[in-house]
Every structure is written in structure tokens, then in C-alpha cells.
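Q: Here is what each chain is made of, one letter per residue.
There are 2 protein chains.
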Amino acid sequence: MVENPQGLKTIDGSTWLIEDEAENMKIQYRVDDVLYSEKSPFQHVMVVNSPVFGRMLVLDGIVQTTSLDGHIYNEMITHVPLSIHPNPKRVLIIGGGDCGAAREVAKYSEIEEIDMVEIDELVVKACQEYLPAVSGNLSDPRVNFIFDDGLKHVSKYKDHYDVIIVDSSDPIGPAVQLFEKSFYANIKEALKEDGIMVCQSQSPVFHLNILQQTYGYLHELFPISRVYTAVVPTYPGGMWSFTLGSKKYQEVNAHSFDKETKYVSQDLLQQCFALPAFLKDALSK
Amino acid sequence: MVENPQGLKTIDGSTWLIEDEAENMKIQYRVDDVLYSEKSPFQHVMVVNSPVFGRMLVLDGIVQTTSLDGHIYNEMITHVPLSIHPNPKRVLIIGGGDCGAAREVAKYSEIEEIDMVEIDELVVKACQEYLPAVSGNLSDPRVNFIFDDGLKHVSKYKDHYDVIIVDSSDPIGPAVQLFEKSFYANIKEALKEDGIMVCQSQSPVFHLNILQQTYGYLHELFPISRVYTAVVPTYPGGMWSFTLGSKKYQEVNAHSFDKETKYVSQDLLQQCFALPAFLKDALSK
Numbered sequence: 001m002v003e004n005p006q007g008l009k010t011i012d013g014s015t016w017l018i019e020d021e022a023e024n025m026k027i028q029y030r031v032d033d034v035l036y037s038e039k040s041p042f043q044h045v046m047v048v049n050s051p052v053f054g055r056m057l058v059l060d061g062i063v064q065t066t067s068l069d070g071h072i073y074n075e076m077i078t079h080v081p082l083s084i085h086p087n088p089k090r091v092l093i094i095g096g097g098d099c100g101a102a103r104e105v106a107k108y109s110e111i112e113e114i115d116m117v118e119i120d121e122l123v124v125k126a127c128q129e130y131l132p133a134v135s136g137n138l139s140d141p142r143v144n145f146i147f148d149d150g151l152k153h154v155s156k157y158k159d160h161y162d163v164i165i166v167d168s169s170d171p172i173g174p175a176v177q178l179f180e181k182s183f184y185a186n187i188k189e190a191l192k193e194d195g196i197m198v199c200q201s202q203s204p205v206f207h208l209n210i211l212q213q214t215y216g217y218l219h220e221l222f223p224i225s226r227v228y229t230a231v232v233p234t235y236p237g238g239m240w241s242f243t244l245g246s247k248k249y250q251e252v253n254a255h256s257f258d259k260e261t262k263y264v265s266q267d268l269l270q271q272c273f274a275l276p277a278f279l280k281d282a283l284s285k
Numbered sequence: 001m002v003e004n005p006q007g008l009k010t011i012d013g014s015t016w017l018i019e020d021e022a023e024n025m026k027i028q029y030r031v032d033d034v035l036y037s038e039k040s041p042f043q044h045v046m047v048v049n050s051p052v053f054g055r056m057l058v059l060d061g062i063v064q065t066t067s068l069d070g071h072i073y074n075e076m077i078t079h080v081p082l083s084i085h086p087n088p089k090r091v092l093i094i095g096g097g098d099c100g101a102a103r104e105v106a107k108y109s110e111i112e113e114i115d116m117v118e119i120d121e122l123v124v125k126a127c128q129e130y131l132p133a134v135s136g137n138l139s140d141p142r143v144n145f146i147f148d149d150g151l152k153h154v155s156k157y158k159d160h161y162d163v164i165i166v167d168s169s170d171p172i173g174p175a176v177q178l179f180e181k182s183f184y185a186n187i188k189e190a191l192k193e194d195g196i197m198v199c200q201s202q203s204p205v206f207h208l209n210i211l212q213q214t215y216g217y218l219h220e221l222f223p224i225s226r227v228y229t230a231v232v233p234t235y236p237g238g239m240w241s242f243t244l245g246s247k248k249y250q251e252v253n254a255h256s257f258d259k260e261t262k263y264v265s266q267d268l269l270q271q272c273f274a275l276p277a278f279l280k281d282a283l284s285k
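Sequence lines, in order, name chains F and X. Going by full-length UniProt numbering, the first residue of the first sequence is number 1, and it counts up by one from there. Going by full-length UniProt numbering, the first residue of the second sequence is number 1, and it counts up by one from there.
Take the hints with a grain of salt, since some may be wrong.
Identical copies carry no separate label here, and so any pair may be met within one copy or between two of them.
Cut-off 16 Å, straight-line C-alpha distance, at most; resulting in silico cross-link-like pairs (EDC-like, lysine to aspartate or glutamate) [unchecked claim]:
1) Lys285 with Glu21
2) Lys156 with Asp120
3) Lys158 with Glu251
4) Lys152 with Glu193
5) Lys259 with Asp281
6) Lys188 with Asp32
7) Lys248 with Glu189
8) Lys248 with Asp12
9) Lys248 with Glu193
10) Lys259 with Asp32
11) Lys9 with Asp60
12) Lys158 with Glu19
13) Lys107 with Asp258
14) Lys181 with Asp258
Since the hints were made in silico from the structure, they are not lab data. It should be emphasised that the depicted structure is a prediction, and the values quoted were computed from it without experimental measurement.
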């Protein structure tokens, strides 16, 4: 068994990506080809081809998104806030290097500016070239690619954005500060007086403490805070959470969803807020 | 690396259960102890202790249910049909050897008889002794344990049950006939004129063909057929499907759910029918 630092192992002549999950559990994906593999100043960036999930973006050995299910996460992190805000014009995406969130935001013709602030240019390059199922070879002129630190970018703006989407990786490595209260406070400042933010808040099963902390911060900072979930097959445990902070609006516009999507539907936009009993309970503490 | 037929391997001095999923993908669970391991006439039955999921029931090397999340599947397969039927008296569970479905059904005081027909007595014995988090050491006098073939049992009854719950394992090994149309036709006969059946219909992500086939059969056989989903972290892909066939009733009773549960809530009972766009599409073909 030969292993390299990116989690690839050769077992009986086949290549496998072995991902450590939630301690004491590992997922092994058979890998047919490694299409891209580079070390950026921030992390190791890899795109591999797997028979089950198709192409997969792997950062520091952790699967981030795949051809099979990348759309689920990207549709859910974008269409929920954009169906709550009645008139979004300026949208900021922090992270989102796979370009899938920007691609979904670009489906709204009324949006005039989409700023995408990703710290790692190599991620965007790899996904645009090797992961078109997720990035959609995004080339909308309203998208401004800004390769910078999301924290620094947000702190420069006041009363500027209608919707801010925090599409971060896990709270280890380059994304750790994107889970801190001071960051959400800066986001609140950067939003207009009726603005909405959303962030991914990890697995309610394996990282309930992070979801509770995130919800706690947004609950303190915003008049309206809500949690919703989606099922993302490649994330451990399947169930994934998102947390919204909103200054004014809270309900999804009924009967208005008309975008072409694979996972999101009008029903689902409204019903994703129905939480399992254990989760309701955990968030009411 | 030493392997035995039940999927246990010793790697660097630790024991792991290695489960093959959907070809070309494996999940490795660290195992602290093997609490029970016997070969029955039908399959290999094992209960192990794992640090992430607690105790796990493993049949022929495949994880069936765990202390951490067994309640999700069992609550969803029971409370949905029992919240649709206004007055269930006689309930049949086919399979359900972990006793979790019978435990949930027993929460309804108006139910008079709960027949549980499980082909493999060893599964019930193992779960009652080593998996109390799921089985709840079930000892309700209304539960009749019948160790027999579910197909044979069902074909003996006409116009008898209010609700039939098909809680089978995967469509390989002893459960393969529980996915056939003739079996569902017999279930229809065994149900009263306003009866309801439900079955687990596998992962919409990895076994969409089985869900489509099951929904197709129930759609042909019953005036009302509906699909709902839940998130079961230990099942591959997380998202799991259930299919209902009903002779008369279709709506969940609003505002009436009062059982003590960990996953199911009144909201969730109604909203579990909101399907992702790809699934709606796949079922309308």
C-alpha cells in the first residue's frame, strides 16, 4: 500500500482516494485518472475522475464537489436566499472556487453585479478547465473574479450588497476564519439595510457544534436567522446545513421559482426549512 | 491485511469493517468490539461497536442500522403511514428484524395487533440483546413475533390489515422477492378496503432504477401512490426513499402528531413528500 500526502493509495494495482471522515471512519473512492494535481500557496488542489461520482474536486485530500452532486449544494446555497430577497442587484460570493454558486446566481437576469472573492486562483482554474459539470465554464460578464481574502474584501464595504453567500470549505485550513463571529459582523455591515447572508454550516450529524455556534452568531447579529438542510451524497452523513441571517425578509416567494435546476424546486425551497426533531431541539437550546 | 468473509479487516493492528457501496466505493468503519457474530440459515448476523455510529447491525457485511441513526429510518417508515391512516387497528411488519419499526408502531395506543414477520430469528435475538438503542428491548404484548417467510404469510390473508410496512433489507439475498410486483399484489389483497402499505425503496441516487420500478408497481396496483424521502447517514448517499400505496387515504393528518420521536415532527411528516427536481422528473416518466 503506497500513500501520498493527498490521500491517494495504490491497493492491488488500483488507485483509491482515501478520505478520513469524522475520525474512525474512512471513505474510499476508486480513482480512474488524476486530471489535475498542483500545490497552491494555500492547499493541494486536485481533480480526479471516479467511476461513481464522475470528476471530483479534492482539496488537501477532502472531496469538495463532484460532477454527480455538485449542483445540489450550489443550487441550495444560492436559490434559497435569492428566492427570499425580492430584488437582488448586487451579490457577493465568498469562496465558491468551483464557480457553481456564481453559475446559479447568474441565472437571475435582474442581478447586475456578482463579485466572487476566492482566495485560491488555482481552484477556479482547475474547476473551469476540468470540472465543467459544476463550473459550467462560467463566463458571464456580470461575474467579477477577485482573488483575495474574503475577510479583507468584506471589511472594505458598508451598505453595499443585497445578498452575501459564504461558500467556504471546512473550518480547517484557509477557511477557518470564515466561521468566526467577527467575520459575520463584517458581513452584516457590508449588507444593505434589507440584505441577506447565507453560509454553509456543516453536517448536523457530525459537526452539530459548528452549526449550533454559527446559528448562535447569526441569531445574535440579525433580526431573522433560519437553518435549512439539503442532502449532499458526497458529504459525510448526507445531510448538510445552511444558515441564513436576514435584516428584513424571511419568507420564500411563493410560486415564483422559474429557474432551470436539477435539485431545487418551488416545493423544496419552502420545505427545506422543516427540520428533524433532534435538530429543532438542538437549535432551541 | 487479513480479511474475513464478513468484511472485517485488520489494518495496522486495528479492526475495520469495510463495506462495498455502489461499486468502486467503500466505507471503512473502525470497529472496537465484535459483540455478536453468528451464521444463520439465511445470512451472517453480526453486531459490532464502532466509535462513530455506536453499535451497528451488520448482515452479510452490510450495515443495516446503528445506534446513532437507526431511529430515523424506523420513525419514517412507520409514522408516515400511521399519520395518514385515521384509525389503524391491525398492523403487519414484514422484515424489521431490528424491532425498531415495531417499537414505533407500539407508540399508538389505538393499535390492537402488531404482527411482525421476520424470516431470520437470529436477527431479532441479536438486536434485542445487543442493540437496545434501536430495538428498545421491545416487549409490548400486542407484538406477535412470527418467524416465517413474509411472502408466505401475506398470501394467507385477505382484507385483514389496516397498514402493512415492508421493512426489508437490500434486494439481494433473502429480501430479493420483497421487491417483486406479485408480492405487492398480495399485500394489496391482505389490506382492508381502506388500507395502506409502505416499503423502503432504496437510494434515489445510487439505485434510482429500483425506486422507479417500485413506484411503477405501486402506481399500477393502488389508486394512490406517493414517494417520500429521509436522510439516513449510514446509508450510501444519505438520501433514502420510501414508497406508499394506499387504497383510500393520502394526506397526513394535520396538527395531530404527538408521539415522542427524535427525527419525525409534524412539519417533517408533511414536508417529506417534497421531492428534489431530478426525482420528480424521474418518477413522472
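Q: A separate judgement is required for each hint: does it hold in the structure or not?
A: How the hints compare with the structure:
1. Lys285 with Glu21: neither (27 Å within a copy, 37 Å between copies)
2. Lys156 with Asp120: neither (20 Å within a copy, 66 Å between copies)
3. Lys158 with Glu251: For Lys158 and Glu251, neither the intra-copy (25 Å) nor the inter-copy (48 Å) Cα distance is at most 16 Å.
4. Lys152 with Glu193: Neither: 21 Å inside a chain and 66 Å across chains, both beyond 16 Å.
5. Lys259 with Asp281: between (34 Å within a copy, 15 Å between copies)
6. Lys188 with Asp32: For Lys188 and Asp32, the Cα distance exceeds 16 Å both inside one copy (44 Å) and across copies (46 Å).
7. Lys248 with Glu189: Classified as within: same-chain Cα gap 14 Å, cross-chain 55 Å, threshold 16 Å.
8. Lys248 with Asp12: For Lys248 and Asp12, neither the intra-copy (58 Å) nor the inter-copy (56 Å) Cα distance is at most 16 Å.
9. Lys248 with Glu193: Cα proximity of Lys248 and Glu193: one copy only (8 Å, versus 51 Å across).
10. Lys259 with Asp32: neither (34 Å within a copy, 49 Å between copies)
11. Lys9 with Asp60: This pair counts as within: shortest intra-copy Cα distance 14 Å, inter-copy 27 Å.
12. Lys158 with Glu19: Neither way: Lys158 and Glu19 sit 40 Å apart in one copy and 51 Å across, limit 16 Å.
13. Lys107 with Asp258: Close inside one copy (10 Å), not across copies (42 Å); limit 16 Å.
14. Lys181 with Asp258: For Lys181 and Asp258, the Cα distance exceeds 16 Å both inside one copy (35 Å) and across copies (37 Å).
This entry does not satisfy hints 1, 2, 3, 4, 6, 8, 10, 12 and 14, going by the numbered hints stated previously.
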